Amino acid sequence: MAKVTISLDSDLAIEVMLLAGTRSPQDAVELIVRDYLARGHRTEARTGNVADQDRLADRRSAPEEGR
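Using full-length UniProt numbering, you'd call the opening residue of the sequence shown number 1 and step up by one each time.
Hints in this document: simulated from the structure, not taken from any laboratory.
No experiment lies behind these values; they were computed from the predicted model shown.
There's no promise every hint is true.
To be verified - Okay, the calculated beta carbon distance ranges per label pair:
1) R42 - S7: 27 to 33 Å
2) S10 - D35: 31 to 37 Å
3) D11 - R46: 31 to 37 Å
4) T5 - A45: 16 to 22 Å
5) D11 - E44: 28 to 34 Å
6) L37 - D11: 32 to 38 Å
What the hints assert, rightly or not - Restricting the straight-line Cα-Cα distance to at most 20 Å, the calculated cross-link-like pairs of lysine to aspartate or glutamate (DMTMM-like) are:
7) K3 - D27
8) K3 - E30
9) K3 - D35
For glycine and all other residues, C-beta sits at the position ideal for the given N, C-alpha and C.
Go ahead and model the full structure; you've got the sequences and the hints to work with.
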């Protein structure tokens, strides 16, 4: 996997390290990004993705029958 170098404000890096419970800013940022992505995948699994929204929007805009 390719590596990317990112510059962060030192205060932000320290907060991330404290939140993640690591001693390395690189490890802390990696853990937080992995967690963010995992949460996104869990949310998509529960709610569907963008393609599902288009499919469901057609149902909601149609008038209800039998009223």
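Status of the hints after comparison with the structure:
1. R42 - S7: 27 to 33 Å: 30 Å, holds
2. S10 - D35: 31 to 37 Å: At 22 Å between Cβs, range violated.
3. D11 - R46: 31 to 37 Å: Given a distance of about 34 Å, which is inside 31 to 37 Å, the answer is holds.
4. T5 - A45: 16 to 22 Å: Since the Cβ atoms of T5 and A45 sit about 32 Å apart, the hinted range of 16 to 22 Å is violated.
5. D11 - E44: 28 to 34 Å: Given about 32 Å between the Cβ atoms, the range holds.
6. L37 - D11: 32 to 38 Å: With a Cβ separation near 24 Å, L37 and D11 fall outside 32 to 38 Å, so the hint is violated.
7. K3 - D27: 13 Å, holds
8. K3 - E30: 11 Å, holds
9. K3 - D35: 18 Å, holds
Hints 2, 4 and 6, counting from the list given before, are not met by this structure.
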